[in-house]
Amino acid sequence: DGGITQSPKYLFRKEGQNVTLSCEQNLNHDAMYWYRQDPGQGLRLIYYSQIVNDFQKGDIAEGYSVSREKKESFPLTVTSAQKNPTAFYLCASTSLSEGAHEQYFGPGTRLTVT
Amino acid sequence: QKEVEQNSGPLSVPEGAIASLNCTYSDRGSQSFFWYRQYSGKSPELIMFIYSNGDKEDGRFTAQLNKASQYVSLLIRDSQPSDSATYLCAVKTSYDKVIFGPGTSLSVIP
Chain A
532 DGGITQSPKY LFRKEGQNVT LSCEQNLNHD AMYWYRQDPG QGLRLIYYSQ IVNDFQKGDI
592 AEGYSVSREK KESFPLTVTS AQKNPTAFYL CASTSLSEGA HEQYFGPGTR LTVT
Chain B
479 QKEVEQNSGP LSVPEGAIAS LNCTYSDRGS QSFFWYRQYS GKSPELIMFI YSNGDKEDGR
539 FTAQLNKASQ YVSLLIRDSQ PSDSATYLCA VKTSYDKVIF GPGTSLSVIP
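Line order of the protein sequences matches chains A and B. Using our numbering, the first residue of the first sequence is number 532, and each one after it goes up by one. Using our numbering, the first residue of the second sequence is number 479, and each one after it goes up by one.
Pulled out of the complex, with its shape left as it was, chain B reads as follows:
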């Protein structure tokens, strides 16, 4: 089992819809969880992080964490074509190592 897994893409959503990106992790003691956006040919850019169970909202983005299910998700409301990118989930494990998932490619169709 891989340490951090993400839903396989590519994911396509129409403009204005909600995009849902999912991530599961294997280390039950993981502490912090991060979502990065990476445009093609560019470096990852931090969108938000979460470390408590529940939801954390920032503008059109909502991160949801369920430690019991070892699951973290990112919802993008009112998706725009500019949201088209690869989204990387990263997890800080109980042994203080940050593990990145393979990424999910999102395409927002105008």
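Next comes chain A alone, as it looks inside the complex:
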């Protein structure tokens, strides 16, 4: 089955620790995105990548880092510099070669930092 997977579904960390969220897609999509969603809020773009070994900051990149070493994978690291890391993190991907460039989402990772 084609799709986007994120792991883990739930993640608990102590303040001051870095944590890495996994995102993998087997849709052969070019672009991948990381969003953050806080309760009752819309989606805010953290980072995105349109090609391997290249990525751009979104609206709220401070305290986060990413890598894109493979087309299928776009892991997000939440560093200790992120002041309010507790949130629902969503990974998405899209094909840039056809269609309206609609984004498809993974199931999300809910991160709680105490």
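In short, the hints are calculated from the structure, not lab data. Everything numeric in this text was worked out from a predicted model, so none of it was measured. Don't take each hint at face value.
[As the list claims (entries may be wrong)] A short, non-exhaustive set of chain B residues, derived as facing chain A with CB atoms under 10 Å:
id, residue
1, Q516
2, L566
3, F578
4, G579
5, P580
[Unchecked claim] Listed next, the in silico EDC-like pairs over lysine to aspartate or glutamate satisfying Cα-Cα at most 20 Å (straight line):
id, chain 1, residue 1, chain 2, residue 2
6, A, K540, A, E603
7, B, K480, A, D590
8, A, K588, B, E481
The beta-carbon is built from N, C-alpha and C at its ideal position, and this holds for glycine as well.
We have chain A; now place chain B onto it with these hints.
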């Protein structure tokens, strides 16, 4: 002015009625428009997209786009309790960025 705005919720409709969800956007050159449904605790799921003026129908869902008024809407006919969710409008702008609206919460009352 926010780039993408949606009608404030929560919106409540009785089962079987038509639910109307509205979205306005600020970038006149925006190219594509998307509607997502998000159940509580889940990730957004694409319902449909539209990029030409007029209506686009898919089952009980109809998207309507009016670029002159910078307005896109989603109509849900014969609303069911299973349609209760938050609906997100997303707009692909002229500078190739997708902006999401804050969402409208819909509750369909049996």
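Inset, instruction - Report holds or violated for the interface hint on B:L566, using the least CB-CB distance to chain A and a cut-off of 10 Å. - result: Check passed: Cβ of B:L566 comes within 7 Å of chain A, closer than 10 Å.
Legend entry - Status of the B:Q516 interface restraint (C-beta, 10 Å, chain A): holds, 9 Å
Legend entry - Hint consistency between B:K480 and A:D590 [alpha-carbon to alpha-carbon, up to 20 Å]: holds, 14 Å
Legend entry - Straight-line alpha-carbon gap A:K540 to A:E603, limit 20 Å: Holds: A:K540 and A:E603 sit about 19 Å apart, inside 20 Å.
Inset, instruction - Mind checking the alpha carbons of A:K588 and B:E481 for me, to see if they're no more than 20 Å apart? - result: holds, 19 Å
Legend entry - Satisfaction of the B:P580 interface hint, Cβ to chain A closer than 10 Å: Result: holds, 4 Å to nearest chain A Cβ.
Inset, instruction - May I ask you to test the interface hint for B:G579 with respect to chain A, counting a Cβ-Cβ separation under 10 Å as satisfied? - result: holds, 6 Å
Legend entry - Given hint B:F578 near chain A, where the shortest CB pair must fall under 10 Å: Holds. Min distance 4 Å.
When held up to the earlier numbered hints, the structure conflicts with none and fits them all.
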